[in-house]
Amino acid sequence: MKITEEEVLYVADLARLDLDAAAVERFAEQIGTILDYMDKLNEVDTRGVRPTSHAIFLNNAFREDREPAHLDRKAALANAPEKEGGSFSVPKVVG
Amino acid sequence: MNLYELTLHDARDLLDKKEISARDLTLAVLNRIETVDEQVGAYITVAKESALAQADAADRIMAEGNPSPLTGIPLAVKDVMCTQGVRTTCASRMLENFIPPYDAAVITRLKAADAVLVGKTNMDEFAMGSSNEHSGFHLTRNPWDFTRIPGGSSGGSAAAVSADMCIAALGSDTGGSIRQPASHCGVVGMKPTYGRVSRYGLVAFASSLDQIGPLVKDVTDCAILMSAVAGYDAKDSTSVPVEVPDYTAALREGLKGFRIGLPKEYFETEGVDPEVMAAIRNAVDSIQGLGAEVVEVSLPRSEHVVAVYYLIAPSEASSNLARFDGVKYGYRDKEQTTLMEMYRSTRSQGFGSEVQRRIILGTYALSAGYYDAYYGKASQVRTLIMEDFRTAFEACDAILAPVAPSPAFKIGEKTDDPLTMYLSDIFTLSANLAGIPGMSVPCGFSGAGLPIGLQILGSHFQEEILLRVAYNFEQATDFHTRKPAL
Chain A
1 MKITEEEVLY
11 VADLARLDLD
21 AAAVERFAEQ
31 IGTILDYMDK
41 LNEVDTRGVR
51 PTSHAIFLNN
61 AFREDREPAH
71 LDRKAALANA
81 PEKEGGSFSV
91 PKVVG
Chain B
1001 MNLYELTLHD
1011 ARDLLDKKEI
1021 SARDLTLAVL
1031 NRIETVDEQV
1041 GAYITVAKES
1051 ALAQADAADR
1061 IMAEGNPSPL
1071 TGIPLAVKDV
1081 MCTQGVRTTC
1091 ASRMLENFIP
1101 PYDAAVITRL
1111 KAADAVLVGK
1121 TNMDEFAMGS
1131 SNEHSGFHLT
1141 RNPWDFTRIP
1151 GGSSGGSAAA
1161 VSADMCIAAL
1171 GSDTGGSIRQ
1181 PASHCGVVGM
1191 KPTYGRVSRY
1201 GLVAFASSLD
1211 QIGPLVKDVT
1221 DCAILMSAVA
1231 GYDAKDSTSV
1241 PVEVPDYTAA
1251 LREGLKGFRI
1261 GLPKEYFETE
1271 GVDPEVMAAI
1281 RNAVDSIQGL
1291 GAEVVEVSLP
1301 RSEHVVAVYY
1311 LIAPSEASSN
1321 LARFDGVKYG
1331 YRDKEQTTLM
1341 EMYRSTRSQG
1351 FGSEVQRRII
1361 LGTYALSAGY
1371 YDAYYGKASQ
1381 VRTLIMEDFR
1391 TAFEACDAIL
1401 APVAPSPAFK
1411 IGEKTDDPLT
1421 MYLSDIFTLS
1431 ANLAGIPGMS
1441 VPCGFSGAGL
1451 PIGLQILGSH
1461 FQEEILLRVA
1471 YNFEQATDFH
1481 TRKPAL
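For the protein sequence lines, the chains are A and B, in the order given. Under the working numbering, the first residue of the first sequence carries the number 1, and numbering increases by one thereafter. Under the working numbering, the first residue of the second sequence carries the number 1001, and numbering increases by one thereafter.
Extracted from the complex, chain A is given alone in its bound form (with noise of 0.2 Å):
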């Protein structure tokens, strides 16, 4: 198998994902598949050649230093699940 159950589970820690003992095994089975696919791409000989991020060539974008137009606090926080303060509340973050 490609993937173990362990590193499904270490990866899954590293995406904040909690997963149930099926969905272990099941992600285990399907990803390693797929992995066991992209072996594929070791037929092709890159050496040399660089890797693209983005197909388009572009230079950096740059704005004036000035201040946009930007979101009221309120249009801000309109959606937060939860807010107290005109700020977003989260639980408690240390023990």
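I should point out that these hints are in silico values taken from the structure, not numbers from a laboratory. It is possible that some hints are incorrect.
Keeping only pairs whose Cα atoms sit at most 27 Å apart, straight-line, the calculated DSS-like set for lysine-lysine is [said to hold, decoys possible]:
1) A:K92 with A:K74
2) B:K1235 with B:K1111
3) B:K1334 with B:K1410
4) A:K2 with A:K40
5) A:K40 with B:K1018
6) A:K74 with B:K1414
7) A:K74 with B:K1328
8) B:K1483 with B:K1048
9) B:K1018 with B:K1111
10) B:K1334 with A:K92
11) B:K1264 with B:K1328
12) A:K83 with B:K1328
13) B:K1410 with A:K74
14) A:K74 with B:K1334
Given chain A's structure and the hints, the job is docking chain B onto it.
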């Protein structure tokens, strides 16, 4: 003829001649949705009241003269583009109640053109899928056969156009998500060049691949809608400042001396339905008969495209979807007492299984120890795929290919086997990896009466070349005039 059946350009003519009003047209479309969408499931949200208000505003503008090509035209938008004040869900429980505080750049353009926004269409969750079966809300059925998928991920937009529940629509295409549903639903779809249409306000799936484009009833409509949405936008740092031509003018040119490339690898691919191949061959013959010259070209890395795409797209997705953490907007599991538990529980409950699968695959491909072997390697092969196209376009002006290896498959047929589902994207993924424009136009029907699309690919920023081929072909055939029986 029922008003909802009109193409965009025919509706424009009737509106301009004052034979119909925008309100008549919008009401006809809204009634059509009420009649058939219970069966099709194309929409997530129908914005009836705001649509009628926009129609009335359009009627006032037309009374004053000076309408734009889209004034008073009822359009549908895939539910992945932010609409101020109208729920934008990405077909995910994560965003079930998200009301964007701003409009996507394309929505701003449509509103400035006085179009009518009828509603937001169903899709695979966060645009990850080829069948709409991964919607977090409900299935969308193919209007030609309710037991089959409409394609995805813009399946709702394609089905809405096909079933006349809008005059035209926008979708987004990260690996074929406009072209494949267009093919399966018998409509015209275009994925523009990367950077041609602003992605500002498009909820990101894979940022180096995503692009917004039209799903429409014919090629003329495609040119009209492209002219409305294309162009530079300073708010999208990957938007390219290249002049936008008059796409409707391109339609008037013929194909004499035009060079059509057929990639030999595409025609040697195993597992392509013989009816699809026969329809593509017939289309090539028709286009040759219109004066084009056919040359064989080669895209040697075609067999590696699926592997490259399904490493790069999930990698980018795993990074983009990190923003859904239950803090600023979207779903939150409020039962949890620590921040970390809240993150984990929110994301596990808010994302569906295909999205979680891709996040895990992408996180793995980017993780320490595997980055070079997977993401790094895929990025290098991507360079070679781009070089293949560059070489091919030295020998031809446009490439013809199938869109999908088969007509629309049955609902449930591939949901248990993600790799088989991914492999069905083989003909559409390379355009996104290379950033080139691609189009699907109806080119035939299977024996069972299912639509088949012809794919046309061109060089960067050569959308007008695709439209020219598509329009000449469309004028010589009648596939685009057929409608599903509903």
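The hints, checked one at a time:
1. For the given pair, K92 of chain A sits about 23 Å from K74 of chain A by alpha-carbon distance, which is consistent with the 27 Å threshold.
2. The hinted pair formed by K1235 of chain B and K1111 of chain B meets the criterion: a straight-line CA distance of about 17 Å does not exceed 27 Å.
3. With a CA separation close to 39 Å, the supplied pair K1334 of chain B and K1410 of chain B exceeds the 27 Å bound.
4. Restraint check for K2 of chain A and K40 of chain A: satisfied, since their Cα atoms lie roughly 14 Å apart, inside the 27 Å limit.
5. Under the criterion of a C-alpha separation no larger than 27 Å, the hint pairing K40 of chain A with K1018 of chain B is inconsistent with the structure, at around 60 Å.
6. About 45 Å separates the Cα atoms of K74 of chain A and K1414 of chain B, which puts this hinted pair outside 27 Å; it is violated.
7. Proximity of K74 of chain A to K1328 of chain B is assessed by CA-CA distance (about 12 Å); at most 27 Å being required, the pair is judged to hold.
8. A C-alpha spacing of about 25 Å is found between K1483 of chain B and K1048 of chain B, which places the hinted pair at or below 27 Å, so the restraint holds.
9. Using a Cα cut-off of 27 Å, the hinted pair K1018 of chain B and K1111 of chain B holds, with the two alpha carbons roughly 21 Å apart.
10. Restraint check for K1334 of chain B and K92 of chain A: satisfied, since their Cα atoms lie roughly 12 Å apart, inside the 27 Å limit.
11. A C-alpha spacing of about 50 Å is found between K1264 of chain B and K1328 of chain B, which places the hinted pair above 27 Å, so the restraint is violated.
12. Proposed proximity of K83 of chain A and K1328 of chain B is supported: the alpha carbons are some 9 Å apart, at most 27 Å.
13. Of the supplied pair hints, the one linking K1410 of chain B and K74 of chain A is violated, its CA atoms being roughly 47 Å apart against a limit of 27 Å.
14. For the given pair, K74 of chain A sits about 22 Å from K1334 of chain B by alpha-carbon distance, which is consistent with the 27 Å threshold.
Of the numbered hints listed earlier, those contradicted by the structure are 3, 5, 6, 11, 13.
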